[in-house]
Amino acid sequence: MLELLEELFSYSFVVKAIVVGTCVSLCASFLGLPLVLRRYSMIGDGLSHVGFGTLAIAVPLGLSPLKVSIPLVMLAAFLLLRIREHSKMQGDAAIAVISCSSLAIGVIIISLTVGMNTDVCNYLFGSILAIKEEEVYMCVAISAVIIALFIFFYNKIFSVIFDENYAKASGTNIEFYNMLLALLTAVIIVIGMRIMGAMLISSLIIFPALTSMRLLKTFKSVVISSIFLSVVCFFVGVVVSFAYNTPTGASIVGVNLVSFLIFCSISFFKRKKELL
Amino acid sequence: MKILSCTQVSVKYDSTFALKDCSFELDAGNFLGVFGENGTGKSTLLKSVAGLIKPNSGTVNFHGIKKNDIGYMAQQTQVQKDFPASVYEVVLSGTLCRHTRFYFYGKNNKKLADKNLELLGIEQLKHKSIQELSGGQRQRVLLARMLCGEAKLFLLDEPMSGLDATSVKQMHDTLKDINSLGATIIMVSHDIENTANFCDKILHLGNNHFFGSREEYNARIA
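Note that the protein sequences, when read in sequence, are chains A and B.
The opening position of the first sequence corresponds to residue 826 in this note's numbering, with each subsequent residue numbered one higher.
The opening position of the second sequence corresponds to residue 1338 in this note's numbering, with each subsequent residue numbered one higher.
These are calculated hints, taken from the structure and not from any lab test.
All of these numbers come straight from a predicted model, not from anything done at the bench.
One or more of the hints may lead you astray.
As a list, the in silico DSSO-like pairs of lysine-lysine whose alpha-carbon atoms are at most 27 Å apart [to be verified]:
# : chain 1 : residue 1 : chain 2 : residue 2
1 : B       : K1403     : B       : K1418
2 : A       : K1042     : B       : K1339
3 : A       : K993      : B       : K1339
4 : B       : K1463     : A       : K1097
Same shape as in the complex, but just chain B (with noise of 0.2 Å):
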């Protein structure tokens, strides 16, 4: 089944091309791999999905998911490291875009959140501030937020960027649990060696962007 089509997005800083034609569909559960050199508009690509920049032409098409279907990972660098806030709070703060009327946390608010801290093996984290958290642990907070918002469609920009390699680990497993329990996961990545073994789908943004599956990646590399 369907559930994104993004045709001929491009996007214009200034008079400048940050992404130009790029088109590519999914179908829900897939695992798309963005990779490519720097600025080649992997960031600015999402972004577009995500809303938060307008492409100045092409289009970016949901069909069946709604806006609060969606759930975006920035870049690490992105979030404040000096902002005062409980893991629990961050995480429950990711239940909020399922209620769209009132914003207390019920009983079943709090029971989801217990079950993805618990789900991404972080319980014990529950009451620590983030910025005592390492760069994985903090990963896995923003990861366990978004599976709060229930999202059937999952953004990440370089989830992986400045972890150490048991921590990559860790995510990736984490991630293909999420993928296996049918979340459609799109993710930016300069580490393409690593990555590519399990994404079933993978966009390579340059030149000339090449979409297809993992098969015909391999065969068009070697």
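Isolated chain A (complex conformation) (with noise of 0.2 Å):
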């Protein structure tokens, strides 16, 4: 095991893939209980296929990916906020028909341009080869901007996601946090989508929530455990993928469910126990 772990490290792309990693899976796990909470874990989903839409047009003009993601998946995100609260299409079917889109015309400008090739490849599942020196500098320092905004908002947050009614009739402006909530989603799925892949990375934001929630009832503690699960199903997955040469997003996910399935059966044993 030791030596695994030594040989893993001796790696130079492993080591900027876990710091990625590792920073990306905490801000997912910070986002990841209020868009859980608000019922916006679609949000998510759909906002990766709209990145993978975007990278569709940066990979053949020849633009850095996260450069031109960004602001296009932030975009998209502020779109689906306004489609949600301010028009008669409902949430979810806006979600899907957008990313739905966004997928096909990524799927169509790729086969007209440079084909399906391993680099669209490891944009839609992930691969932790694909990280160069620029973008860690990069995500590190976006991760640490959401971090400290999470810090400075979380009790703001934590009111306006348990009751938005409170909230807005005492005077607090939750379109505002609605919108920032959003938008930091956009960007950490952007940075994220290089590891996780645009399929898979909604998983690291709506898995630690959802997992912690099954057996902690308090809004901290849930916190605290999201981003303890997150970061340990993240390098747990990357050893098994390094281990077994598995894919790396997948094997991720695949830790996580695992994760999820044994908090699902503690909190069924825990009930059942509670009854007898």
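Please assemble the complex out of the two chains, which come individually in their own frames, going by the hints.
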């Protein structure tokens, strides 16, 4: 086991991936709980498809994917929230429309330009080989901003997601907080897409919060547990992927799924015990 | 002292009126009961006052109170039942609307929360999760949160619905206490028999809205 870890850390691309992945996992777990509790889980999924669509534009043009995708996905997040709040179309339907369309547009552009090469495949399902040094710095900086924002607004975010109407009636600008959450989600999805892939990134946001909520019943404990779970699952996933030569993103989701099932069964037996 | 005046408030959903031409005025310290059949616009009126929906016509004016002096409590079903939060976290969050710049809890916030937990007799629930509470307990927690906001105007939408008789009695007593401490209360209820007798103003929504003191209302139905 130790030897395996030693070998793992001797590769510089693995170290880069672990730095980026830890940052992304931390941010994703922070954002996940508000998204799950507000029934916004699907927004994460929708945005990741949009992320793929924007990559399809960036890659043939030879532009840096991060710099193109972040603003575009943020724009999509902004639009999604607007549609949710101001239109008669149902939120989940709007998400489905936007996510399918951008995926389709992405696939069309790619087949017309560069073709379905490994690069594209990497974006769909993630690859830890793909991370460049420049992206590592950007990722760390962005994560630091997200974490700082989250800590600063922690109590306010709690009050808004717990009871939006109460917060609004007593003068809180809830649109600001909704927008903040959606925009931060957009950013973290684009960054995380490198490792996890567009298809799997939303799991990183949803799983830790959902898993923690099986067992824990206060907000603070769920937040702390999500952070812990998210980072541990990421790390275990990378090790598994390295040891068994499985795709990284999928392995991380697999570890998350296992932890979710474990938490579910503990919660099930706990409740059964209480009934007896 | 007048604190709230609504003139000719009308709200439309699509093309049908949810509330039509509703007018009333409240002084500080009033306890207004809003009654009426289902669909006469009780909740709509309350939401308009709370600023959650914009009336299509008419005005809602506050006199001498600011937005963060308002506490709103929606119907019970709207509070998420699977939300992970401890009673203390919920009650503390009520103190936030008094602090506009920094969002961390200081000593004063905690003191205020403890005081209100005690006032509502729920200090023993402090560390419990709201998921584990009964309906009556949960309503008290929400009331405590509202008190932490030091609101001057309380807007309550059917706070008694789904509560058993004992809890209803307790809630009534608590509301009377809050009212006697100087807060203005607007409460929507369908239970006119048990609620009307401690309101000093009554607004009865229907085809012809009635607004007046309780005595006037009693005289009218007698």
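Violations among the numbered hints, reported as their numbers in ascending order: When the structure is compared with the hints, numbers 1 and 2 turn out to be violated.
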